[in-house]
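2 protein chains.
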Amino acid sequence: MMKPQSVAIIGASSNPVKVGYVILNNYIEEGYQGRLYPINPNDDKILGLKAYKSVLEVRDRIDLAVIAVPAAIVPKVLEECGRAKVRSVVVVSGGFAEIGDQKLEDKIVAIANKYKMPMIGPNCLGVMDPRSRIDTLFLPTFKLSKPKIGGVSFVCQSGAVGSTVLDLIAKEGFGLSKFISYGNAAQVDEVDLFEYLMEDDETKVIIMYIEGVKRGREFFEIGKRLSMKKPVVVLKGGVTEGGAVAAHSHTAALAGSHEAYDAVFRQCGFAIARDLTELLHYGKIFASEIEPKGDRIAIITNGGGTGVLTTDAVFNAGLKMAEFSSQTKSTLKKKMPSTVNIANPLDLVGDADDRRYEDALNLLAQDKNVEMLIVIALFQTPGADEKLSERLVHLKSSIDKPMIVISIGAGYTEERKIFMENNGLPVYDSPAAAANSLAELLKYAKYKKKMV
Amino acid sequence: MMKPQSVAIIGASSNPVKVGYVILNNYIEEGYQGRLYPINPNDDKILGLKAYKSVLEVRDRIDLAVIAVPAAIVPKVLEECGRAKVRSVVVVSGGFAEIGDQKLEDKIVAIANKYKMPMIGPNCLGVMDPRSRIDTLFLPTFKLSKPKIGGVSFVCQSGAVGSTVLDLIAKEGFGLSKFISYGNAAQVDEVDLFEYLMEDDETKVIIMYIEGVKRGREFFEIGKRLSMKKPVVVLKGGVTEGGAVAAHSHTAALAGSHEAYDAVFRQCGFAIARDLTELLHYGKIFASEIEPKGDRIAIITNGGGTGVLTTDAVFNAGLKMAEFSSQTKSTLKKKMPSTVNIANPLDLVGDADDRRYEDALNLLAQDKNVEMLIVIALFQTPGADEKLSERLVHLKSSIDKPMIVISIGAGYTEERKIFMENNGLPVYDSPAAAANSLAELLKYAKYKKKMV
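Chain order of the listed sequences is A and B. Everything in the first sequence is counted per our numbering, starting at 801 for the first residue and increasing by one. Everything in the second sequence is counted per our numbering, starting at 801 for the first residue and increasing by one.
Don't take each hint at face value.
Repeated chains share a single entry, so a pair holds when one copy, or any two copies, can fit it.
What the hints assert, rightly or not - Listed next, the in silico DSSO-like pairs over lysine-lysine satisfying Cα-Cα at most 30 Å (straight line):
(1) Lys1120 <-> Lys1014
(2) Lys818 <-> Lys1129
(3) Lys1187 <-> Lys971
(4) Lys948 <-> Lys971
(5) Lys1129 <-> Lys850
(6) Lys1129 <-> Lys885
(7) Lys916 <-> Lys803
(8) Lys850 <-> Lys1248
(9) Lys1187 <-> Lys946
(10) Lys1029 <-> Lys1093
(11) Lys1014 <-> Lys916
(12) Lys845 <-> Lys1120
(13) Lys1129 <-> Lys845
(14) Lys1201 <-> Lys1030
(15) Lys1243 <-> Lys1187
(16) Lys948 <-> Lys1248
(17) Lys1243 <-> Lys1135
These are computed hints drawn from the structure, not numbers from a lab.
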């Protein structure tokens, strides 16, 4: 399903407002290298490709069929897929259990099972894999920035959350392995996806948005095994009374008690995100594959107030501020200008340039009391420029301690952020995001150690 | 100080790395219309302007002197300002109480008091007023987006926090009245600034970052009176044990107990932000001058999962989901396609276009059970485009109910967000931000009503 050599698009269309047009067009635009078969009984040619009346007409093995036809027709085309020995299907069409038609949903599951076809959906966006350029999403490419190739797989019950998070992943600068939007989870569910992703070597980290779990016991078992191999970040929708009702009419999910889910996630060693923003923040820290050393943090800043707020965030996240050794302090005193207070946070003050950061970071990196570094680089100040962002990227590889950056701002700052992110340095735009992400990293490391 | 006809820049310099260069250059670049006097004993001409050895040489009334010379020289030039009858001063130089030199700080306060000169600072960025184009900030303009003219005044003890927040205000699209970074608050403090902003007609909303308060009793008294006239949003740095220590070495603030501050802020009716992001979110909702109607919210969305998450956020913020009237429900059923579940959140599904939003919003706006509207517009979907953003801007003025938008994403979405923001429609990038902001709006309205 993720690396198909041949794809049939059932419901492909020449009409640009149709989902079947967008899907086919995306395959063409993104340069998919396999064989494409548009299926539509009313057309001979779609977007320059020969069209077929049914998959049964195609004289080729079809690895994946994407079904985008009205719900009522899905059983018929699915049956044809089965007879044509299609190897996997994604049903993007909605109009099943989520609007109360459980019978129609049961019917398509029975067909998929009869032919032993793995089926994702219905009521979903489907799958995306930037490596194989497989992309069943029916979203116009110009509206959606697509993430680069990387190690984060994103499992998402909702289509809309999926598309916005993909857009944000691209902006945040970390790379994607697989995206799977699985909608109603009628047949393939979380448990199947976990089994697949556990063995997928391209997947280093899993982030997920979930509204409900169908097989609780199996989820728990596979979840525990999965997080021993790879970090998992989970955001659960429907955690309040009202949200649970909304989730049911969205993906037919039985939301269950918030506390029960939380307990399961915690016992599985998952990082729990409280909103989309945290899902991205935690995804980013795990994607960096930083090995945390301990909870004693040094903060280096060129802005005092941001240092204060970050200290608050470190405490609120349950981390500690490192006590610099007396040697570090005396060497800092010699090397730093008199306006710099030798303390943690170390405020290099507003005129700090890349050299001052380098001197300070090299010293703190040698201090045994310092286990992780938060570097605040505010690019609005006169001394902070391109050179500083380059220096920090360079220091990240020369320093033997985990290091992340906080940079807050618009225009110029965003350019510097993108540069650092693209060079493997995680950058956060808020003190709380940075501190909480480090705390999750440490929590996960402890969980794994305890479980071994 | 905010509308000076003449400004002296003491420590002005031809050397681009000097603070005194950046300040003078910013005045010139931003097109300040008043008279500028660079002061530097070693130059005759700076940046094309005649330079003076001291303010005493200038034969003009000086409304504001910006002092950017080493700390040790500040008493001397301040004394000269006093003798020259300079009407107000901003001391941007650091090197006073914040590095332990209380004596030097007391000395400059005594001089300012002797001549009855209001003095902001030391150790600050100073003031900015986009209307009068006054700007004492020593930050290169290309690194810092500057906000448009508007009604939000931003009081900030820290320079760095100030500059990053200004940059973000510009990005978030709301307008600025005054920016005042007051550093050590040696003479002019929060109480003075509150008194000034309370009477300033250009200021509709106050947001502030604070590390400590010097005159607690007066702060409490003026704070209560101020928030009866204008909403105040406050972010306090140094709320944890470690943060309080850091705050002291930053602005010499005695941070005091977190609980005590919280209690004072609450009794004053201030909205309390827990981080920079919330400071901006709450600033934005108050800047919109929306009059809240009540706590029953309707959510309209083109993405089911985002509807679920927003419902969770509404509940977590202590708001309620509106129960649509039976008439609304039956009319919606007639007007909406069969794929739309008639419920709150109202999921218009992924192919919703501007017309479907319009129909739904007009109906919900007429429902007496609905008091505020959260419109989720995810621009990654095929039906959501420029027309939708235009339609929402239009509906905002035709509908007689508070309405805010949630749009999440990068590139294309950010363009649409900027368009809506520039047309007076508040847009949030997370469900929690939107719901919490509405809750603060309501809380403030209730506070004012109770106090009248």
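Which earlier hints can't be squared with this structure? Violated: hints 5, 6, 8, 12, 13, 15, 17.
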